[in-house]
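There are 2 protein chains.
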Amino acid sequence: MPRVSTDQLAARRRQIMDGARSCFGDHGYEGATVRRLEQYTGLSRGAIFHYFRDKEALFLALAEQDATRMADVVAEQGLVQVMRDLLDAARGTDAGEHVSDRSWLGTRLEVSRRLRTDPEFRARWQEHSGGLTAATRARLERQAAAGALRDDVGVPVLARYLELVLEGLVSHLAMGLPADDLDEVLDVVENGVRAAGRTP
Amino acid sequence: MPRVSTDQLAARRRQIMDGARSCFGDHGYEGATVRRLEQYTGLSRGAIFHYFRDKEALFLALAEQDATRMADVVAEQGLVQVMRDLLDAARGTDAGEHVSDRSWLGTRLEVSRRLRTDPEFRARWQEHSGGLTAATRARLERQAAAGALRDDVGVPVLARYLELVLEGLVSHLAMGLPADDLDEVLDVVENGVRAAGRTP
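Same order as they appear, the protein sequences are chains P and W. 200 is the number that our numbering gives the last residue of the first sequence; the numbers go up by one with no jumps. 400 is the number that our numbering gives the last residue of the second sequence; the numbers go up by one with no jumps.
It is worth saying that the hints were derived from the structure and are not from the lab. Backbone N, C-alpha and C define an ideal beta-carbon position, used for all residues, glycine too. Don't take every hint at face value.
[Claimed, not checked] Taking lysine to any residue and the SDA-like style, the derived pairs with C-alpha atoms no more than 25 Å apart in a straight line are:
#1 P/K55 <-> W/L377
#2 P/K55 <-> W/H227
#3 P/K55 <-> P/D88
#4 W/K255 <-> W/V234
#5 P/K55 <-> P/R91
#6 W/K255 <-> W/S329
#7 W/K255 <-> P/R114
#8 W/K255 <-> P/A61
#9 P/K55 <-> W/V234
#10 P/K55 <-> P/A145
#11 P/K55 <-> W/E230
#12 W/K255 <-> P/Y29
#13 P/K55 <-> W/D226
#14 P/K55 <-> W/G231
#15 W/K255 <-> W/R324
#16 W/K255 <-> W/S244
#17 P/K55 <-> W/G228
#18 P/K55 <-> W/Y229
#19 P/K55 <-> P/V34
#20 P/K55 <-> W/T317
#21 W/K255 <-> P/G28
#22 P/K55 <-> P/E38
#23 P/K55 <-> P/G92
#24 P/K55 <-> P/T33
#25 W/K255 <-> P/G31
#26 W/K255 <-> P/D26
#27 P/K55 <-> P/L177
#28 W/K255 <-> P/H27
#29 P/K55 <-> P/E76
#30 W/K255 <-> P/E38
#31 W/K255 <-> W/E276
#32 P/K55 <-> P/P119
#33 P/K55 <-> P/A11
#34 W/K255 <-> P/L177
#35 P/K55 <-> P/Y29
#36 P/K55 <-> W/S222
#37 W/K255 <-> P/S103
[Unchecked claim] Here's a subset of chain P near chain W, in silico, CB distances under 10 Å, partners left out:
#38 L9
#39 M17
#40 V34
I would like the entire structure built from these sequences, with the hints used as guidance.
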């Protein structure tokens with residue numbers, strides 16, 4: 001094998017992840033066979049599994065990529081903005097397209113049985129998406145310190161509340177249910193964590 | 201075939217649904233083969249498909265049974281109580297055991313791809329769970345008329361808000377994530393739809 005630069009390695013890794021994301025989206029977790037992963041990535045199985053130990057590792061890397069991208073938005077604009085981006089993407093505008101393609105969200109739901117029945121897989125999945133939880137809490141702590149949050153409920157509870165709504169939204173969109181009437185719902189969620197009297 | 205009474209027909213139908221629910225829970229939608237459905241129900245495929253056209257009809261009948269049971273609780277105690285029952289059941293106490301067994305909830309998530317890609321199936325699924333939406337709106341309308349609800353947001357928005365949180369909870373529990381720290385989150389949800397100044 002010829003020597004390749006770090007840039008080339010990163011580009012190859014990205015190529016595999018982009019192809020795998022589409023493949024999972026089109027065929028689901030079980031349906032994303034090695035042959036199909038080869039077709040979608042344009043690479044041999046040898047090349048793919050040089051970068052990722054197995055299909056599970058590839059799936060978890062995509063989940064982590066989502067969590068990292070979402071965490072960046074959370075740090076700047078909060079978890080409700082992540083939800084608004086998901087809504088926009090479900091409507092076909094391009095914000096947050098990578099994390100919110102409904103086919104890919106559906107793949108996440110499909111692995112629910114695995115998550116439920118395989119504690120080791122669940123632990124790994126939680127670890128890979130832990131950055132989002134940390135970012136959500138950190139932002140809420142900053143808002144609380146600035147007096148912008150309601151103070152009758154602790155930050156950990158508010159963080160879990162927002163995450164639960166996010167889970168609902170992911171599930172809703174992944175099932176292809178209508179996205180056009182949820183803006184006002186997200187307003188209710190957003191105002192629900194604010195200090196009384198604070199305008200949006 | 202000997203003539204059977206209406207009671208016997210209903211009992212047979214119930215026997216099939218109870219067995220099928222466990223079978224879907226243990227093996228998922230795809231894994232619930234006709235052979236396994238026979239084992240779990242104790243009946244032949246001929247008997248099973250005398251009552252239900254196919255596996256899909258059986259699955260949808262179970263979804264409708266859930267929706268009907270939940271709608272009964274909603275009418276009396278509201279959608280947040282449905283969520284509290286789901287939490288209790290996830291913790292192993294027995295409230296609402298039928299609708300909230302996490303294995304069965306997981307099966308619901310597994311069909312997400314089907315829901316997303318098959319508009320006809322989605323329409324049938326929404327029809328079968330429409331009773332819950334109707335019950336939620338009806339109860340909220342009654343509460344609004346009694347002045348118990350916040351009045352800055354319309355009832356349809358509040359209904360969709362509560363349903364979105366329910367979807368999040370179903371997804372959360374179906375994935376086997378912790379249920380022990382969500383009571384306070386549901387308090388936030390419940391207080392979020394109330395008129396200001398109303399105590400729980």
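Hint check results:
1. P/K55 <-> W/L377: The hint holds at about 23 Å.
2. P/K55 <-> W/H227: 22 Å, holds
3. P/K55 <-> P/D88: Not satisfied, since the Cα-Cα distance of roughly 30 Å exceeds 25 Å.
4. W/K255 <-> W/V234: It holds: about 8 Å lies between the C-alpha atoms, which stays within 25 Å.
5. P/K55 <-> P/R91: The hint is violated at about 30 Å.
6. W/K255 <-> W/S329: 17 Å, holds
7. W/K255 <-> P/R114: 22 Å, holds
8. W/K255 <-> P/A61: 35 Å, violated
9. P/K55 <-> W/V234: Cα-Cα ~29 Å, so violated.
10. P/K55 <-> P/A145: 43 Å, violated
11. P/K55 <-> W/E230: 20 Å, holds
12. W/K255 <-> P/Y29: Roughly 22 Å between the alpha carbons, so the hint for W/K255 and P/Y29 holds.
13. P/K55 <-> W/D226: 24 Å, holds
14. P/K55 <-> W/G231: 21 Å, holds
15. W/K255 <-> W/R324: 14 Å, holds
16. W/K255 <-> W/S244: The hint holds at about 14 Å.
17. P/K55 <-> W/G228: 21 Å, holds
18. P/K55 <-> W/Y229: Holds, at about 22 Å.
19. P/K55 <-> P/V34: The given pair, whose Cα atoms are some 8 Å apart, holds under the 25 Å limit.
20. P/K55 <-> W/T317: 23 Å, holds
21. W/K255 <-> P/G28: 21 Å, holds
22. P/K55 <-> P/E38: Roughly 12 Å between the alpha carbons, so the hint for P/K55 and P/E38 holds.
23. P/K55 <-> P/G92: 29 Å, violated
24. P/K55 <-> P/T33: At roughly 9 Å apart (the allowed maximum being 25 Å), P/T33 and P/K55 satisfy the hint.
25. W/K255 <-> P/G31: 21 Å, holds
26. W/K255 <-> P/D26: Judged against 25 Å, a Cα distance of about 24 Å means the pair holds.
27. P/K55 <-> P/L177: Violated - the C-alpha atoms of P/L177 and P/K55 are around 29 Å apart, more than 25 Å.
28. W/K255 <-> P/H27: Given that 25 Å is the threshold and the Cα spacing comes to 22 Å, the pair holds.
29. P/K55 <-> P/E76: 32 Å, violated
30. W/K255 <-> P/E38: 34 Å, violated
31. W/K255 <-> W/E276: With Cα atoms ~32 Å apart, W/K255 and W/E276 exceed 25 Å; violated.
32. P/K55 <-> P/P119: Answer holds: P/K55 to P/P119 is near 18 Å, not above 25 Å.
33. P/K55 <-> P/A11: The hint holds at about 19 Å.
34. W/K255 <-> P/L177: The hint holds at about 23 Å.
35. P/K55 <-> P/Y29: 9 Å, holds
36. P/K55 <-> W/S222: The given pair, whose Cα atoms are some 29 Å apart, is violated under the 25 Å limit.
37. W/K255 <-> P/S103: Within the cut-off at roughly 24 Å; holds.
38. L9: 33 Å, violated
39. M17: It is violated, given that the least Cβ distance between P/M17 and chain W is near 21 Å, above 10 Å.
40. V34: 20 Å, violated
Hints 3, 5, 8, 9, 10, 23, 27, 29, 30, 31, 36, 38, 39 and 40, counting from the list given before, are not met by this structure.
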